[in-house]
Amino acid sequence: MPETTYIQAISDALREEMERDERVFVLGEDVGAYGGAFGVTKGFVEKFGFYRCLDTPISESLIIGAAIGAALMGFRPVAEMQFADFISCGFDQLCNQAGTLRYRYDGRVCCPIVVRAPSGGGVGGGPYHSQNPEGWFCHTPGLKVVAPAFPDDAKGLLKAAIRDDDPVLYFENKYLYRRIKGEVPEGDWATPLGQARLVREGADASVIAYGSAVHHALAAAELLAPDGVSVEVLDLRSLVPLDKQAVLDTVRKTGHAVIVHEDWLRCGFGAEVAAILAEEAIDVLDGPIVRVASQDTPIPFAPALEEAHLPNPTKIVAAVKKTLRAET
Amino acid sequence: MELRAGELLDMYYYLVLSRTFEERVSTLYKQGRVKAGVFSGIGQEAICVGTCYGLEDEDFVAPAHRDLGVFLVKGVSPRAIMAQLYGRATGLSGGKDSALHAGEPELNVFGTTSMLGAQICVTTGAALAFKMRKQPHVAVSYFGEGASARGDFHEALNFAGVHRLPCIFVCENNYYAYSTPLPLQMACDNVADRALGYGFAGKVVEGNDILAVWHTMREALYRARTGAGPTLIECKTYRWHGHSEHDKAMYRTEEEFLEWKSRDPIPRFEVYLREKRILTDEVRGDVAEQARKVVADAVEYAEHAPDPTAADAETNVFGPPQAAE
Numbered sequence: 073m074p075e076t077t078y079i080q081a082i083s084d085a086l087r088e089e090m091e092r093d094e095r096v097f098v099l100g101e102d103v104g105a106y107g108g109a110f111g112v113t114k115g116f117v118e119k120f121g122f123y124r125c126l127d128t129p130i131s132e133s134l135i136i137g138a139a140i141g142a143a144l145m146g147f148r149p150v151a152e153m154q155f156a157d158f159i160s161c162g163f164d165q166l167c168n169q170a171g172t173l174r175y176r177y178d179g180r181v182c183c184p185i186v187v188r189a190p191s192g193g194g195v196g197g198g199p200y201h202s203q204n205p206e207g208w209f210c211h212t213p214g215l216k217v218v219a220p221a222f223p224d225d226a227k228g229l230l231k232a233a234i235r236d237d238d239p240v241l242y243f244e245n246k247y248l249y250r251r252i253k254g255e256v257p258e259g260d261w262a263t264p265l266g267q268a269r270l271v272r273e274g275a276d277a278s279v280i281a282y283g284s285a286v287h288h289a290l291a292a293a294e295l296l297a298p299d300g301v302s303v304e305v306l307d308l309r310s311l312v313p314l315d316k317q318a319v320l321d322t323v324r325k326t327g328h329a330v331i332v333h334e335d336w337l338r339c340g341f342g343a344e345v346a347a348i349l350a351e352e353a354i355d356v357l358d359g360p361i362v363r364v365a366s367q368d369t370p371i372p373f374a375p376a377l378e379e380a381h382l383p384n385p386t387k388i389v390a391a392v393k394k395t396l397r398a399e400t
Numbered sequence: 007m008e009l010r011a012g013e014l015l016d017m018y019y020y021l022v023l024s025r026t027f028e029e030r031v032s033t034l035y036k037q038g039r040v041k042a043g044v045f046s047g048i049g050q051e052a053i054c055v056g057t058c059y060g061l062e063d064e065d066f067v068a069p070a071h072r073d074l075g076v077f078l079v080k081g082v083s084p085r086a087i088m089a090q091l092y093g094r095a096t097g098l099s100g101g102k103d104s105a106l107h108a109g110e111p112e113l114n115v116f117g118t119t120s121m122l123g124a125q126i127c128v129t130t131g132a133a134l135a136f137k138m139r140k141q142p143h144v145a146v147s148y149f150g151e152g153a154s155a156r157g158d159f160h161e162a163l164n165f166a167g168v169h170r171l172p173c174i175f176v177c178e179n180n181y182y183a184y185s186t187p188l189p190l191q192m193a194c195d196n197v198a199d200r201a202l203g204y205g206f207a208g209k210v211v212e213g214n215d216i217l218a219v220w221h222t223m224r225e226a227l228y229r230a231r232t233g234a235g236p237t238l239i240e241c242k243t244y245r246w247h248g249h250s251e252h253d254k255a256m257y258r259t260e261e262e263f264l265e266w267k268s269r270d271p272i273p274r275f276e277v278y279l280r281e282k283r284i285l286t287d288e289v290r291g292d293v294a295e296q297a298r299k300v301v302a303d304a305v306e307y308a309e310h311a312p313d314p315t316a317a318d319a320e321t322n323v324f325g326p327p328q329a330a331e
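Heads up: the sequence lines are chains X and Y, in that order.
The numbering used here puts the first residue of the first sequence at 73, with every later residue one more than the last.
The numbering used here puts the first residue of the second sequence at 7, with every later residue one more than the last.
Watch out, some of these pointers could steer you wrong.
What the hints assert, rightly or not - Covered stretches of chain Y (chain X as the covering partner; in silico rule of three or more C-beta atoms under 8 Å from a C-beta of chain X):
no., region
1, 96-107
2, 132-138
3, 162-176
Worth flagging that the hints you see were computed from the coordinates, not collected in a lab.
Think of the CB as a built atom: it goes at the ideal place given N, C-alpha and C, for glycine as much as any other residue.
Whenever a hint applies, use it, and build me the whole structure from the sequences.
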């Protein structure tokens with residue numbers, strides 16, 4: 073099977089869903105003739121026409137608000153934030169409008185929008201082109217949040233997000249766009265929301281991660297293997313809804329939990345996972361729950377600073393050793 | 007296009023019904039029976055009725071927090087609205103939200119959130135949907151002059167102008183954003199003047215003159231339905247009550263209030279209807295009685311409607327789990 077890049081998988085998912093369902097359309101900044109800042113919608117205008125791949129003014133609140141309005145009228149809009157960082161400008165529409173609609177109407181309406189958010193650092197983007205703001209939205213009721221790590225999930229999760237009747241935030245990691253390739257099965261399939269994926273089996277410690285952190289975790293597992301440390305890696309894929317069972321299962325198996333993400337540490341999603349483990353699996357833990365995440369600072373620009381800021385395999389190795397050391 | 011006698015009387019009925027409903031709600035609030043925040047539109051009724059009367063079911067409306075008349079004219083059940091204010095299980099929100107933060111999807115009525123102006127963006131999305139499907143429907147957004155200071159107002163009108171969307175933006179300029187007077191809200195003379203910056207027409211209309219509102223809306227509807235794009239209609243008006251029922255509105259003078267009260271849209275319309283020999287004392291009494299009965303029925307219904315239970319608190323956050331295929 074030919075290999076597909078992560079970004080191509082995103083583009084393929086969008087195109088196939090737009091071919092399959094005429095209610096699906098894309099709107100965002102520079103998504104039209106230009107094809108999107110990263111090229112995800114290249115050729116879409118030619119194929120689908122002006123309105124189904126609609127350039128908007130620089131108006132994130134409008135982009136999300138208009139997506140909501142079109143969704144209420146039966147469309148299934150996919151809104152692109154040029155960078156996930158800019159989603160703050162559409163925060164109210166997402167959290168107070170999209171996330172509350174079904175509840176406020178007591179189930180009589182739904183809001184099937186997808187907001188694509190190119191996120192993540194490691195690309196020299198500095199404070200405003202590197203953020204991972206998923207934590208804000210995981211905290212907000214009514215929003216689903218996914219973050220693929222591999223091309224097949226990039227495609228499958230986007231398809232599932234588009235087909236879902238609730239608002240879904242789709243965090244696609246820019247660092248992975250062209251660096252990660254993988255086999256993506258053909259055909260009409262989707263990755264169910266709310267199902268984690270065990271990407272490496274191991275016996276000694278569980279590393280629970282999502283997005284770019286999954287790749288750091290896998291690299292860390294390789295680094296630890298020669299020392300005889302067997303690391304299991306769980307890719308959450310979907311943060312809301314969360315596959316809690318998969319989290320509990322892996323930690324019950326290994327007795328050690330390291331949680332890794334690229335979002336900031338403080339009140340990041342790792343804190344939620346840690347709390348679940350503390351509440352429901354404290355009896356099986358043989359060491360402290362350890363989190364690895366970005367430093368609690370704005371994301372710095374200079375390479376040396378950014379490297380210090382972000383999680384990486386070395387930091388994860390240290391975290392695994394920390395939780396294992398506590399056992400002895 | 008002229009209104010027939012029956013239509014004029016219909017509009018008059020909705021004015022009276024709005025007034026009667028809100029006066030009753032105000033009393034119920036003071037009695038502690040209605041616990042929701044009550045944002046009265048008394049004094050402003052001509053705008054909701056004059057703009058909504060004659061809209062189609064398919065037309066999308068996004069009423070703001072004191073636009074009861076939009077709900078009523080669009081056909082939302084007074085019982086469901088009253089139950090909403092009571093927080094009952096049979097209210098529009100099933101008790102999950104209060105006031106007019108609700109709607110009736112089947113009638114394309116979508117109420118506001120408390121982030122005033124946010125619904126203007128949502129309205130443009132509905133209009134975009136109509137345009138994409140080449141449907142002759144219109145999306146109407148309501149907001150006060152206060153909300154016109156929000157970025158969402160600018161983003162939405164700008165976008166609607168760019169794509170000549172079938173949108174009508176109805177600004178109810180009642181001179182106060184809660185307590186903040188107009189001179190502290192904007193430096194231009196009229197909210198409607200801002201339309202120039204978005205490339206479409208802005209109209210100023212006497213908001214307490216229901217016929218002026220109706221005629222201005224007709225022109226805007228014609229423009230929207232024929233692809234000529236959006237219109238911003240600024241209706242000058244005044245809210246008689248405070249921002250909400252707890253607010254005694256001490257920030258304005260009695261003289262100002264009385265001056266505006268003398269411009270009450272209901273007697274003003276009555277004068278016209280009497281001149282046209284459409285309204286007699288008898289008809290006036292009948293309309294008042296009918297409105298009173300509808301409101302009494304709604305109150306009776308809401309008083310005895312069931313409350314939601316604790317088990318309902320966590321329902322309808324998300325839809326049922328879906329198969330991804």
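Going through the hints against the structure:
1. Proximity of the region 96-107 of chain Y to chain X, defined as three or more residues with a beta carbon under 8 Å from a beta carbon of that chain, is established by the 7 residues found.
2. With a cut-off of 8 Å between beta carbons, the region 132-138 of chain Y has 7 residues touching chain X; three or more are needed, and the interface restraint holds.
3. Under the rule that three or more residues need a Cβ within less than 8 Å of chain X, the assignment of the region 162-176 of chain Y holds, with 4 such residues.
Hint check: no violations occur; every hint is consistent with the structure.
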